[in-house]
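> Residues per chain, in single letters:
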Amino acid sequence: MCPPAHFGVLYEINPWMHQEVTVDLDRAQQQWDDLVRTIESAGASVEVLEPVKGLPDLVFTANAGVVNGDQFVPTRFRHRERAAEVPHDIEWFEAHGYRVDELPPDVIHEGAGDALPFGDVLVSGYRWRSDARSHAALSRLTGAPVRTVELLDDRLYHLDITFCPLDDRRAMACLAAWDRYGATVVQELVPELLELELDEALAFTANSIVIGTTVVMPHCPPRVGRRLEGWGFDVVVADVSEFLKAGGGVRCLTLALDVVLGG
Amino acid sequence: MPAIERVEVEGHIIDSLILAKVLDLIVAAGADYRVIDVEIGRTQADASRAVIDITADDEASLDPLLETLQVHGVNRTAQNDATLVASGRDGVLPEGFYSTTNLPTSVRVDGHWRPVENPEMDCGLVVADDGVRTVPMHRVRAGDLVVVGHDGVRVESVAKVRGASPFEFMASEVSSEKPKALLVAQVADRIRAAHERGAKVLTVCGPAVVHTGAAPDLARLVRDGWVDVLFAGNGFATHDMESNVLGTSLGVSVDAGLPTEHGHSNHLRVINEVRRCGSIAAAVERGYVSGGVMYECVRKPIPFVLAGSIRDDGPLPDVHADVVEAVDTMRMHVADVGVTLMLASTLHAIAVGNILPAWVETFCVDINQAVVTKLADRGSHQALGIVTDIGLFVRDLTEQLCP
Numbered sequence: 003m004c005p006p007a008h009f010g011v012l013y014e015i016n017p018w019m020h021q022e023v024t025v026d027l028d029r030a031q032q033q034w035d036d037l038v039r040t041i042e043s044a045g046a047s048v049e050v051l052e053p054v055k056g057l058p059d060l061v062f063t064a065n066a067g068v069v070n071g072d073q074f075v076p077t078r079f080r081h082r083e084r085a086a087e088v089p090h091d092i093e094w095f096e097a098h099g100y101r102v103d104e105l106p107p108d109v110i111h112e113g114a115g116d117a118l119p120f121g122d123v124l125v126s127g128y129r130w131r132s133d134a135r136s137h138a139a140l141s142r143l144t145g146a147p148v149r150t151v152e153l154l155d156d157r158l159y160h161l162d163i164t165f166c167p168l169d170d171r172r173a174m175a176c177l178a179a180w181d182r183y184g185a186t187v188v189q190e191l192v193p194e195l196l197e198l199e200l201d202e203a204l205a206f207t208a209n210s211i212v213i214g215t216t217v218v219m220p221h222c223p224p225r226v227g228r229r230l231e232g233w234g235f236d237v238v239v240a241d242v243s244e245f246l247k248a249g250g251g252v253r254c255l256t257l258a259l260d261v262v263l264g265g
Numbered sequence: 035m036p037a038i039e040r041v042e043v044e045g046h047i048i049d050s051l052i053l054a055k056v057l058d059l060i061v062a063a064g065a066d067y068r069v070i071d072v073e074i075g076r077t078q079a080d081a082s083r084a085v086i087d088i089t090a091d092d093e094a095s096l097d098p099l100l101e102t103l104q105v106h107g108v109n110r111t112a113q114n115d116a117t118l119v120a121s122g123r124d125g126v127l128p129e130g131f132y133s134t135t136n137l138p139t140s141v142r143v144d145g146h147w148r149p150v151e152n153p154e155m156d157c158g159l160v161v162a163d164d165g166v167r168t169v170p171m172h173r174v175r176a177g178d179l180v181v182v183g184h185d186g187v188r189v190e191s192v193a194k195v196r197g198a199s200p201f202e203f204m205a206s207e208v209s210s211e212k213p214k215a216l217l218v219a220q221v222a223d224r225i226r227a228a229h230e231r232g233a234k235v236l237t238v239c240g241p242a243v244v245h246t247g248a249a250p251d252l253a254r255l256v257r258d259g260w261v262d263v264l265f266a267g268n269g270f271a272t273h274d275m276e277s278n279v280l281g282t283s284l285g286v287s288v289d290a291g292l293p294t295e296h297g298h299s300n301h302l303r304v305i306n307e308v309r310r311c312g313s314i315a316a317a318v319e320r321g322y323v324s325g326g327v328m329y330e331c332v333r334k335p336i337p338f339v340l341a342g343s344i345r346d347d348g349p350l351p352d353v354h355a356d357v358v359e360a361v362d363t364m365r366m367h368v369a370d371v372g373v374t375l376m377l378a379s380t381l382h383a384i385a386v387g388n389i390l391p392a393w394v395e396t397f398c399v400d401i402n403q404a405v406v407t408k409l410a411d412r413g414s415h416q417a418l419g420i421v422t423d424i425g426l427f428v429r430d431l432t433e434q435l436c437p
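Chains as they are written, first to last, in this note's numbering: chain A, 3 to 265; chain B, 35 to 437.
Careful, some of the hints might be misleading.
Just the calculated beta-carbon pair ranges, DEER-fashion [claimed, not checked]: (1) D156/A - E42/B: 24 to 30 Å; (2) R76/B - T24/A: 41 to 47 Å; (3) D156/A - R76/B: 53 to 59 Å; (4) L143/A - R76/B: 36 to 42 Å; (5) L143/A - T117/B: 54 to 60 Å; (6) E194/A - V61/B: 32 to 38 Å; (7) E14/A - A94/B: 19 to 25 Å; (8) L200/A - D71/B: 35 to 41 Å; (9) E14/A - T117/B: 46 to 52 Å; (10) E42/B - E14/A: 47 to 53 Å; (11) T186/A - E129/B: 51 to 57 Å.
Keep in mind the hints are simulated off the structure, nothing from the lab. Fair warning: this is a prediction, and the values are worked out from it, not measured in the lab. Glycine residues also receive a C-beta, built at the ideal position from the N, C-alpha and C atoms.
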């Protein structure tokens, strides 16, 4: 995770961002500190990436790249506003002993924001921030089979706002945000699927993380909470309202390091 | 002008239903596709790759479709433009010229695939502003831009040509052991289908059509409008008129089947009289010829082309004695042909086969199996051989079409 010392809405690269909206930096820092505590109390530890002035979205570490064991595949950002983040991400991963394998220069892919493992495969989104061709390249680099999903709604511009794997049998997904082919593929893939309504997804319900049996969510509709608890999960809602101003929730603020693709 | 583009898509396109999605998108856009190749990954982790040819009505509908498909990871395959070299002199193709087949062919010019308008085997390809055409060697002119080498030339397979029509029962084999009545009925169906879609029917006739007594039936087919173009040689036209004027074919009575006295010179006398008239049409007009195939061709009228050879008597005034000019004249008539009947003709059948695109449904009818196989051996793979007596075949076909 990366602290929000230099966070802000300094440009507009998704429909949530409005430069006239002011971010309360103190409040953002407070929310971020609370999120770290929640994650740690759920049993995970947090590594920190140093914030960099002029890179407000560096807080959204999910978009740093794809982690696979000791391999790190850095993102190729669609927008040049975020491209300057990449060297800092690479520097951190190299310093921590990761092997860095880069995507070809002619594709774009925004890391874990558009690629979430489920079972043996990597589900990856495309259209707004990643292109479809990047999926084959990502698969070649990581060795993981990719299941491709087209994201139809520009407000749900990353896969991780529409899809949240919970364990090896269950996931939350907003099928209405996907093309019918991608929706069919994921329905086949996930034995027990908690389907989210479009408005639930737009409230960033799916932009959640799972630590053991704890689901940390930016928002949890009662219906979803009951279902998750019925499955044996503990739901913790973390207030990340300052970050939602930039179109990012809990999942966007984190990058899981304990990922090994392909099972 | 139809527009074609070859594209490829790679990844877990089968399991992710991307291939299904892409094909659906193509069809939904009103375009057509042909999957050229699919490499399926061996393990779950291996990517698959599909190569697809997309055909749309025109460039204006293809371009937006390609843009849409690109979003889904579909890209034009890396292709070079065809290499063009200006011909240095009339009648000579540049060195290394691309030698054509009779299959549907496209040439990549300025990044776009242009279909060849008139596929014909053993020609060069000339690229002009208004299209790409096959040009036989002798017709090339100095300065014509000719395709050299194989880059930027795409040929569709024979399988595609077959699959494109219900012309499946043939498979190019010679059919000496197939039920003839069924074959004749199918040929009649193909002729009707060709006329329904506005395509022409071409017959190529050898003298045996007359010798076997089939000329009156063929004349009826012409009269009733089932034949649109007729190609033959000096012999066929001569014997057809000989049988009408003198009742013999090469001196043999067509009715009795017996040689007639001094009959061996009958055909010469007929040729001589037609030469006196100045043309077959003039001989018909003067009443010298009052029936038969050539008569019906003149009366209908339908175009006929008589090509000469070194063994011709006379020849008839209509015969093109210059063989290069004869084939050029034939070329002018094959553009809209959909069905060709090669009736007991060897040399003319092969010559016509040479100038026909592979999509023309071609039936080669001869008593001699060697004739039929020879046509296929010369590259006219689309020809269906029917080994039977030409007299019986034409009579049965006439019964089917002119009940």
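> The structure should be examined with respect to each hint, and the outcome stated for every one.
Going down the list of hints, with the structure as the test:
no., hint, result
1, D156/A - E42/B: 24 to 30 Å, "holds (28 Å)"
2, R76/B - T24/A: 41 to 47 Å, "violated (56 Å)"
3, D156/A - R76/B: 53 to 59 Å, "violated (38 Å)"
4, L143/A - R76/B: 36 to 42 Å, "violated (19 Å)"
5, L143/A - T117/B: 54 to 60 Å, "violated (37 Å)"
6, E194/A - V61/B: 32 to 38 Å, "holds (34 Å)"
7, E14/A - A94/B: 19 to 25 Å, "violated (35 Å)"
8, L200/A - D71/B: 35 to 41 Å, "holds (39 Å)"
9, E14/A - T117/B: 46 to 52 Å, "holds (49 Å)"
10, E42/B - E14/A: 47 to 53 Å, "violated (35 Å)"
11, T186/A - E129/B: 51 to 57 Å, "holds (56 Å)"
Taken one by one, the earlier hints fail for this structure at numbers 2, 3, 4, 5, 7, 10, listed in ascending order.
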